[in-house]
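Use these hints to put chain B onto chain A, whose structure you have.
Just so you know, the sequences run in chain order A and B. So that you can map any letter, position 233 of the first sequence is 233 in the numbering used here, and since no number is skipped, the others follow by simple counting. So that you can map any letter, position 108 of the second sequence is 108 in the numbering used here, and since no number is skipped, the others follow by simple counting.
For the record, the hints were derived by calculation from the structure and aren't laboratory data. From a predicted model like this one, the values you see are computed outputs, not experimental measurements. Warning: the hint list may mix true and false statements.
Just so you know, same-sequence chains aren't split out, so a pair can sit in one copy or run between any two.
Mimicking EDC-like on lysine to aspartate or glutamate, the simulated pairs with C-alpha atoms at most 16 Å apart in a straight line are [as the list claims (entries may be wrong)]:
(1) Lys127 / Asp226
(2) Lys218 / Asp159
(3) Lys196 / Glu136
(4) Lys45 / Asp21
(5) Lys45 / Glu57
(6) Lys42 / Glu57
(7) Lys196 / Asp21
(8) Lys181 / Glu4
(9) Lys287 / Asp241
(10) Lys118 / Asp159
(11) Lys89 / Glu50
(12) Lys192 / Asp216
2 protein chains.
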Amino acid sequence: MKNEIRIFSPATVANVACGFDVLGFCLDNKGDEMVVRITKEKGIKITHIEGFELPYEAKENVAGVSALAMYEHAKPDGGFEIEIYKHIKPGSGIGSSAASAVGSVFAMNELLGRPYNKTQLTYFAMKGEALASKSEHADNLAPAIFGGFTLVKSTLPLDILQIPTPLDLYATIIHPQIEIKTSEAREILPKKVLLKDAITQWANVGSLVHALHTSDYKLIHRSLQDIIVEPYRKQLIPHFDDVKFAAMEAGALGCAISGSGPSIFTLNKGMEVTKNVKEAIEFIYSKTNIDFEVHNSKINTQGIKIIN
Amino acid sequence: MKNEIRIFSPATVANVACGFDVLGFCLDNKGDEMVVRITKEKGIKITHIEGFELPYEAKENVAGVSALAMYEHAKPDGGFEIEIYKHIKPGSGIGSSAASAVGSVFAMNELLGRPYNKTQLTYFAMKGEALASKSEHADNLAPAIFGGFTLVKSTLPLDILQIPTPLDLYATIIHPQIEIKTSEAREILPKKVLLKDAITQWANVGSLVHALHTSDYKLIHRSLQDIIVEPYRKQLIPHFDDVKFAAMEAGALGCAISGSGPSIFTLNKGMEVTKNVKEAIEFIYSKTNIDFEVHNSKINTQGIKIIN
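Pulled out of the complex, with its shape left as it was, chain A reads as follows:
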């Protein structure tokens, strides 16, 4: 059995348009790396952090908290050392804390000989996610662990469904380098919504799931609409409407807020369109004073994985 493992923990998109709070998907070429190794000494120790400044104290670190949750359940003979190579900027809206929370428990599970299944890993990771976002949710954890598109049907008990990913589906992500406070993104939402709007939204959720099952890209396009949350939250993201308009004009299937922002994602059919969408979005933001990053990604159907 291996004593040490290196993993890639992917970035993810939650709140996929109509699927606010339930639908997410996994990105391919953006993610954190971690090295986790078994130690004789008991406990969880974070020995190295690169990329962003994060606490070394396990109880104060997202990856540490999820690791501790698993450690206390598994009660192994020894302990674990964790090195974190953080590439996903915290607060960017593409599952930075989820990647941290998932990475440690996935690696530990591999080193222990896989005593836990994916849903159980998600439970442990939720403890870490809760440190970052003050609530136990699995919107980003589920796609990071399962890969592809996931639907979190319920959190308690945890009920995660893997929805098929059409082969030719790509995402474009723009990350404007601004800060949105999660608390503000939450407070801006109404407690109540019109029943008729809710009906439109669940028709779209149903049809999006159907479209993913049938690889019906036109229906994906018709379904990727969020009439409930986006009208409120888009105010927090400068030039959201311009980005969306440009992306749709360039051929995107849909464009919406990633997580609670500030990142914006699009879904696109094929690499050609995806390149055009990226250019169109870059053009919009290049005219502003805001720093930004744009990248393209295939939908990652594997999720978190071991690397060499």
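Just chain B, lined up with the frame of chain A:
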């Protein structure tokens, strides 16, 4: 080309639990029959009605109104005579008016050599449905025309999706012989709902569509929940909670209000369970003073059809 045709126009269930206003399915052994024949004389004439008392004047009859809508669009040389053998009681909540609205246009389309597709038939049928329910909707029309499970993603423009039907799925329907006014069933609903409840509902819609695609009966069970409409409308149906409890105890996958009631439907896996569910429901209502009918049905994946 045939001059005369006899058709079976099936009963249907709309508002399938979480899928209020969007999800419906088609029943197998309950439905109206119609005979439609080409006449030299222009216009739409209803020449015979059996089963229930309904107006003979085409403009006042649901089947007549939808027939007129198609007739005025198709502008054929002659006209049509319609005989209606009504078996679905109006106001029972299993798509009685939809069966009428669909029957005439389906038959006329066959006699004309199928100039219209299923979505176009639904458009004409919506005109008839509007006479009965004061609004143009396709909740019952879609499953009657397309068969199986349907999701009406939008009404304007009409966007109907056929969702796969698991092979071993049956329905049990109880029709308590009471009257619920559609206006009352509507007025009892709140204009606004909690966002958190709406999220639960759209998670269930997404998972129900996924479950139907994957024939995952356990997930169908977990998804068949309506936390938004049922709590209000069940008050209009005597002994609803008792029926639901008995049905679930007998093994039903789910139990909810059919359409806007008073009928209640269950979905069940296999004929054996379905028989038990029927007995359990009958037992509940046999202790009351209310007349009722219970029947079992395979899910009808064909929809409306020609018979001899």
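Going through the hints against the structure:
no. : hint            : verdict
1   : Lys127 / Asp226 : neither (29 Å within a copy, 30 Å between copies)
2   : Lys218 / Asp159 : between (29 Å within a copy, 12 Å between copies)
3   : Lys196 / Glu136 : between (29 Å within a copy, 15 Å between copies)
4   : Lys45 / Asp21   : neither (33 Å within a copy, 53 Å between copies)
5   : Lys45 / Glu57   : within (8 Å within a copy, 83 Å between copies)
6   : Lys42 / Glu57   : within (15 Å within a copy, 86 Å between copies)
7   : Lys196 / Asp21  : between (19 Å within a copy, 9 Å between copies)
8   : Lys181 / Glu4   : neither (36 Å within a copy, 69 Å between copies)
9   : Lys287 / Asp241 : within (15 Å within a copy, 61 Å between copies)
10  : Lys118 / Asp159 : within (11 Å within a copy, 36 Å between copies)
11  : Lys89 / Glu50   : within (12 Å within a copy, 71 Å between copies)
12  : Lys192 / Asp216 : neither (32 Å within a copy, 32 Å between copies)
Comparing the model with each earlier hint shows violations of hints 1, 4, 8, 12; every other hint is respected.
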